[in-house]
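Enquirer: The whole structure should be built from the sequences, with the hints applied where relevant.
Order-wise, the sequence lines are chains A and B. Counting from 0, one number per residue, gives the positions in the first sequence under numbering that gives the first Met the number 0. Counting from 0, one number per residue, gives the positions in the second sequence under numbering that gives the first Met the number 0.
Treat the hints with caution; some may be incorrect.
Said to hold, decoys possible - Cut-off 25 Å, straight-line C-alpha distance, at most; resulting in silico cross-link-like pairs (DSS-like, lysine-lysine):
#	chain 1	residue 1	chain 2	residue 2
1	B	79	A	29
2	B	200	B	255
3	A	89	A	65
4	A	65	B	79
5	A	186	A	128
6	B	261	B	180
7	A	19	B	79
8	A	89	B	79
9	B	255	A	183
10	A	89	A	62
11	A	59	A	29
12	A	56	B	211
13	A	62	A	29
14	B	6	B	48
15	A	59	B	180
16	A	29	A	19
17	A	62	B	196
18	B	79	B	6
19	B	196	B	211
20	A	128	B	48
21	A	29	A	128
22	B	255	B	180
23	A	29	A	65
24	A	128	A	56
25	A	29	A	60
26	A	19	A	62
27	A	56	A	19
28	A	56	A	29
29	B	79	A	60
30	A	186	B	48
31	B	255	B	196
32	A	89	A	29
33	A	89	B	255
Stated by the list, open to error - Here are some chain A residues the structure puts well away from chain B; computed CB gaps all over 10 Å:
#	residue
34	4
35	7
36	8
37	15
38	17
39	23
40	135
Keep in mind that the hints were calculated from the coordinates and are not lab data. The beta-carbon is built from N, C-alpha and C at its ideal position, and this holds for glycine as well.
One-letter residues, chain by chain:
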Amino acid sequence: MKIIDNEELIVAQAIEGDEKAFTSLYAAYKNPVYNFIYRMSGNEHDAADIVQEVFFKVYKKIKTLKNPRFFSTWLFSIAKNEAVSQARRKKNKTYYSLEDDENNGVMRQLENPEALHPDKMALHGELEKHFQHILSQIPENYRTAFILGVLEEKPYEQVAQIMGCTVGNVKSRVFRARAHITQKLAKLYAVQT
Amino acid sequence: MVAIYMKCEAIRENISAYFDGQLDRQHVDAMLHHVGACNSCQRIFDGFKSLQEFISAEIHPLQAPACVDDLLASRIANEKQQAVQPKRWLSVFDKIFDVLIPSSKWAVAGQLATVFIVSLSLGLFIARHINKPQNPVAIHEKGESKTASPTVSLPPETESRLEQDVNDFLENTTLVMLNLKNTDYSGDPRMLEEEQKLARKLLSESRLVSEKVTGSRSTYMKNLVDEMEPVLLEFANLDAQRDSQTVDVLRQQVQKNDYLQKVNLIRLMSQE
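Expert: Spelled out as structure tokens, the structure:
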């Protein structure tokens, strides 16, 4: 999936060391990569830090990319590895800070779904936070497949290449993640009728 | 229709793929046909549809903060600066050869020749003066018994001293391996430094200590030292802030190879 015109040409120029081409790629991809990492981590500060690390690696290693067609897959593989690596650095702590939840009362609300009112939540911009919390509870592989396949709308084939698994695995992981999120959201907001 | 008999699990994965636009026409028809006839799958379909609507309405793409641009620009600028500065050892060679041989082409050839001569001399020196211990693993595989240290009867006080050295070595090894297995060094660089010091000490002692071990423990000890050496070496030289993946790999190696158990085994053997 290409997100800029003449992407292959621009990637080929960046491989040759053209800094303008690298800047164009960065401008085109920084938001998708940031979104992906933010959804993986649930933490804006971590996401910003990881994104610059990802693009610094891309800057240093783009010469090793053999086929410009696979730039997007290659970039998201680096992003995925960095996000996973960061998660492991944080070890048993999940990316999403549960302490933050304790402070702002999200945990208390999750324990008491009846106290949740979608309209009020929307007013306080909490819907997104709840979604992110549910996302953070999913195992890493399922979360990655869901974010790439559903939120980033990447073809399953590309997701499989990024994750180093089969298309069948991706399909199954996306389904399980989707089922989990639907069930959890249904409990909270009666998403399911 | 075949589709109606398809297992619900497969159909549900297809429902999910359908909402991602990843299902071909033929499978879409089969899936919709099944959903029309199966209440349970119909509920799944409705749930996924609601989730899709929820995501479209509430989950918006975010903009990367401006600080990312600044951080990246600053790192790239640093990288460029470092790339421009010549490496220190090269500049020393350059100065020497600028004096001796003015032509830069000859200076490079001279540098290479010097490196070759120095390496050769060092190699010869090591070959002559250091009696390199044989690889106990290789010999063990051949079924020979050459790895056992020559039996030399030592005075009792020397023997107890040697035993102490071996025990200290095993204790320190346990400490490093345990910490490597369980500690997150990224948040505590000082702790990593201490551990690395200990790892370097172990590296410097490992061969000597393994040579000192006699009897049935000898082969086990030498095998353990051979196995652990690359792990210790890598650990002693890493930067945990940057090499988090290497730390993970080392951690996995420690777990996979059961170094702690092997150390314990040797310690138990010494108590027998």
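Enquirer: Next step is simple, just say for each hint if it's right about the structure.
Expert: Hint check:
{"no.": "1", "hint": "79(B) / 29(A)", "in the structure": "holds, 21 Å"}
{"no.": "2", "hint": "200(B) / 255(B)", "in the structure": "holds, 24 Å"}
{"no.": "3", "hint": "89(A) / 65(A)", "in the structure": "violated, 33 Å"}
{"no.": "4", "hint": "65(A) / 79(B)", "in the structure": "holds, 23 Å"}
{"no.": "5", "hint": "186(A) / 128(A)", "in the structure": "holds, 16 Å"}
{"no.": "6", "hint": "261(B) / 180(B)", "in the structure": "holds, 15 Å"}
{"no.": "7", "hint": "19(A) / 79(B)", "in the structure": "holds, 15 Å"}
{"no.": "8", "hint": "89(A) / 79(B)", "in the structure": "violated, 31 Å"}
{"no.": "9", "hint": "255(B) / 183(A)", "in the structure": "violated, 37 Å"}
{"no.": "10", "hint": "89(A) / 62(A)", "in the structure": "violated, 31 Å"}
{"no.": "11", "hint": "59(A) / 29(A)", "in the structure": "holds, 16 Å"}
{"no.": "12", "hint": "56(A) / 211(B)", "in the structure": "violated, 47 Å"}
{"no.": "13", "hint": "62(A) / 29(A)", "in the structure": "holds, 19 Å"}
{"no.": "14", "hint": "6(B) / 48(B)", "in the structure": "holds, 21 Å"}
{"no.": "15", "hint": "59(A) / 180(B)", "in the structure": "violated, 31 Å"}
{"no.": "16", "hint": "29(A) / 19(A)", "in the structure": "holds, 15 Å"}
{"no.": "17", "hint": "62(A) / 196(B)", "in the structure": "violated, 37 Å"}
{"no.": "18", "hint": "79(B) / 6(B)", "in the structure": "violated, 58 Å"}
{"no.": "19", "hint": "196(B) / 211(B)", "in the structure": "holds, 23 Å"}
{"no.": "20", "hint": "128(A) / 48(B)", "in the structure": "holds, 21 Å"}
{"no.": "21", "hint": "29(A) / 128(A)", "in the structure": "holds, 22 Å"}
{"no.": "22", "hint": "255(B) / 180(B)", "in the structure": "holds, 11 Å"}
{"no.": "23", "hint": "29(A) / 65(A)", "in the structure": "holds, 22 Å"}
{"no.": "24", "hint": "128(A) / 56(A)", "in the structure": "violated, 30 Å"}
{"no.": "25", "hint": "29(A) / 60(A)", "in the structure": "holds, 17 Å"}
{"no.": "26", "hint": "19(A) / 62(A)", "in the structure": "holds, 15 Å"}
{"no.": "27", "hint": "56(A) / 19(A)", "in the structure": "holds, 17 Å"}
{"no.": "28", "hint": "56(A) / 29(A)", "in the structure": "holds, 13 Å"}
{"no.": "29", "hint": "79(B) / 60(A)", "in the structure": "holds, 14 Å"}
{"no.": "30", "hint": "186(A) / 48(B)", "in the structure": "holds, 16 Å"}
{"no.": "31", "hint": "255(B) / 196(B)", "in the structure": "holds, 24 Å"}
{"no.": "32", "hint": "89(A) / 29(A)", "in the structure": "holds, 24 Å"}
{"no.": "33", "hint": "89(A) / 255(B)", "in the structure": "holds, 22 Å"}
{"no.": "34", "hint": "4", "in the structure": "holds, 20 Å"}
{"no.": "35", "hint": "7", "in the structure": "holds, 23 Å"}
{"no.": "36", "hint": "8", "in the structure": "holds, 22 Å"}
{"no.": "37", "hint": "15", "in the structure": "holds, 17 Å"}
{"no.": "38", "hint": "17", "in the structure": "holds, 14 Å"}
{"no.": "39", "hint": "23", "in the structure": "holds, 14 Å"}
{"no.": "40", "hint": "135", "in the structure": "holds, 14 Å"}
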